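K.L.:
Residue strings, one per chain:
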Amino acid sequence: MNKKRSGFKLGVAAIAAVGVLIFLHVAQLYWPVGADRFNAVVNTAMAWVAVYSLWLTAGGLEGGASRRPWRFFAAGFAVLALGETLTTYNRVIVDFAFRGLWFANFLNVAGFLLIIAALAIRARAFGRPTFSLLYIFILTLVTAAMTAAVTPVFRAAIASPGIPVPIVFLIVLMPLFDLAIIALAFYVATTFAGGVGGRPWVSVALGVSFSAVADFLDMYGAWLKAEAGPLRSASLVVTFLGFAAVAWGAWHRRKVVPEALT
Amino acid sequence: MRGKLSEISIAGFLKMLHEGAQSGRLSLRGKDGDAELYFAEGRLEGLNLSGLVSADGAYDVFRWRDGDFELALGEFPPPPGLLRADEGFFIRAEDYEKRWAALARVPVEAMTVVTRAAAPPEAPRLTGDRARLLDAVAGGGITVAELARKLGRGLTVTAEAVAQLYELGAVTLESPTAPDLGPAIAALLHAALDNYEIFAGKILAKKLRRGLNERARQLGLGVLFDEKKVNVGIVREAEVPLWLGVIETLLAETAGPVGGEVAQLLWQKAVASIPAPLDAVVANYRLDFAMSGVKGGQDE
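Chains A and B, in that order, are what the protein sequence lines are.
With my numbering, the residue at position 178 of the first sequence is 178, and numbering never jumps.
With my numbering, the residue at position 191 of the second sequence is 191, and numbering never jumps.
Don't read these hints as lab results, they were simulated from the structure.
You may find that some hints are simply not true.
Unchecked claim - Sample of chain B residues lacking proximity to chain A, with all beta carbon distances greater than 12 Å (derived):
1) Arg2
2) Lys4
3) Leu5
4) Asp32
5) Asp34
6) Gly42
7) Gly57
8) Glu70
9) Ala72
10) Pro79
11) Pro80
12) Asn213
13) Glu253
What the hints assert, rightly or not - Example chain B residues on the side facing chain A (calculated, C-beta under 8 Å, incomplete):
14) Leu82
15) Leu83
16) Gly154
17) Phe199
18) Ala200
19) Gly201
20) Lys202
21) Ile203
22) Lys207
23) Glu214
24) Ala252
25) Gly256
26) Val258
27) Glu261
28) Val262
Predicted model, so just to flag it, every value in this text is computed and none were measured.
Backbone N, C-alpha and C define an ideal beta-carbon position, used for all residues, glycine too.
My request is simple: use the sequences and hints to build the entire structure.
P.N.:
Here it is as structure tokens:
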């Protein structure tokens, strides 16, 4: 690839991404209802871009076994994107938001399970585990941050009168899923540390971390009754970043990594 | 009187001097050493041997074929401290010479390089001495003389065992003058590993080196990597399949962590940098990625 041209493309993409993020944030603050809908549509579109990018990457790889993790990844994100689409449809077209457990929650769980499977297949291919100091540091930090973040939410949720058991189950399960995904993604990324092959996985690891942050922000909004505007804006922006990072990682794996080897 | 060793039977010559009750000195100049034999009225009064000497001692001279001899008749008192021989020496001498004559069917001599065959026969077929010898061969090229020294055995019995293993297909033999492909193999491994590290990073490259060292140990090739330095040593053409086995392991082990498609790219890049004369050798072996299990690997 022409380095000058790819640098230019990268610059344009970065400026466009920052522009979109600023727009999303500002619009959310000054035009909450409309922006909320618009942002939901943008996020859903980005989710499908990530699915498309992952699917293309899986298709570009040789052999059944070699593309399996990427296919699981694509399937996992497709299920999440479907959930996102249903939620957005309810919010934008029907103007209705479920308060309890509904179909999209099941899709979320299924998507997370597929993503965990993809990362576990990838991590297993390394053979006997190798833990670097960097990985142990990241994992300790993430676990501590997640524990600190989830505890007040969990307390507030439990203290709420008449909370359905499935919701409690979900409140406990989702952070655990997030932790498992982040742990596996950073394991893969740090095992490749210093190599060209690790770059897509850094993007993926950051992407899933953003998704986890977005989940926490949503939980804060729902259970701690925090000020809805900025929290909602931050959640949507971070979700957008998460999908974009995963899409970028898949694209990088498909285009840049093979070129770096030839 | 002088002549070439290939034109006489040394044992027969000695027997003739012994039975003719001759006095004199027989000097032998072989490519593996020198010997002087002092006779007094047919008795072997002293034997001085230098050069490549195995546990066979004086009997090592009866395998010499390349070289010259010189016989000087008359009184030649031997220097003190030399080996004296009894009647049995002449009988055993003939026996040793016959055994080496029988070995002429196989291209084996002291400096012949012995290497484990790429596909040796099943273990139950090799028992006792032959199995121990095969263990001592280990995989890397070793000369028959080094083998005899390693096992503390005579050169003759070692050469006979090597010939048997050769006939069973357990080892390959190569002339000591064959070209050394070690630098070419080292360059190939370096290229493959450097590309691997660029892609997979230091942690996986270190892990791969450990895996390859393990495989090299199994094949008896010794330590391959000391830190990042490839330690290949002398590699003869017959050993190339063993090294290709190590490289196949490299492919198979990289296929898991980096994926079949990337392993192929890494390999193609390494092969493109193979120096002559290994390129022709590698081309003949037609390394098959499917055989190496690369296509079945996990992707990165």
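K.L.:
If a hint holds in the structure, say so; if it does not, say that too.
P.N.:
Each hint tested on the structure:
1. Arg2: Fine: 67 Å to the nearest Cβ keeps B:Arg2 off the interface.
2. Lys4: holds (60 Å)
3. Leu5: Holds: least Cβ distance 58 Å, greater than 12 Å.
4. Asp32: The assertion about B:Asp32 holds, with a minimum of 49 Å to chain A.
5. Asp34: holds (57 Å)
6. Gly42: holds (73 Å)
7. Gly57: Non-interface label on B:Gly57 holds, nearest chain A Cβ at 52 Å vs cutoff 12 Å.
8. Glu70: B:Glu70 clear of chain A: closest Cβ-Cβ about 66 Å, beyond 12 Å.
9. Ala72: The assertion about B:Ala72 holds, with a minimum of 71 Å to chain A.
10. Pro79: Check passes; 65 Å lies beyond 12 Å.
11. Pro80: holds (66 Å)
12. Asn213: About 15 Å separates B:Asn213 from the closest Cβ of chain A, which puts it past 12 Å; holds.
13. Glu253: violated (8 Å)
14. Leu82: violated (62 Å)
15. Leu83: Violated, about 59 Å.
16. Gly154: Hint violated; B:Gly154 Cβ to chain A Cβ min 46 Å, cut 8 Å.
17. Phe199: holds (5 Å)
18. Ala200: Hint holds; B:Ala200 Cβ to chain A Cβ min 5 Å, cut 8 Å.
19. Gly201: holds (3 Å)
20. Lys202: With Cβ-Cβ at 5 Å, under 8 Å, it holds.
21. Ile203: Nearest chain A Cβ about 6 Å off; hint holds.
22. Lys207: holds (6 Å)
23. Glu214: Violated, about 12 Å.
24. Ala252: violated (11 Å)
25. Gly256: holds (4 Å)
26. Val258: Since chain A brings a Cβ to about 6 Å from B:Val258, closer than 8 Å, the hint holds.
27. Glu261: holds (5 Å)
28. Val262: holds (7 Å)
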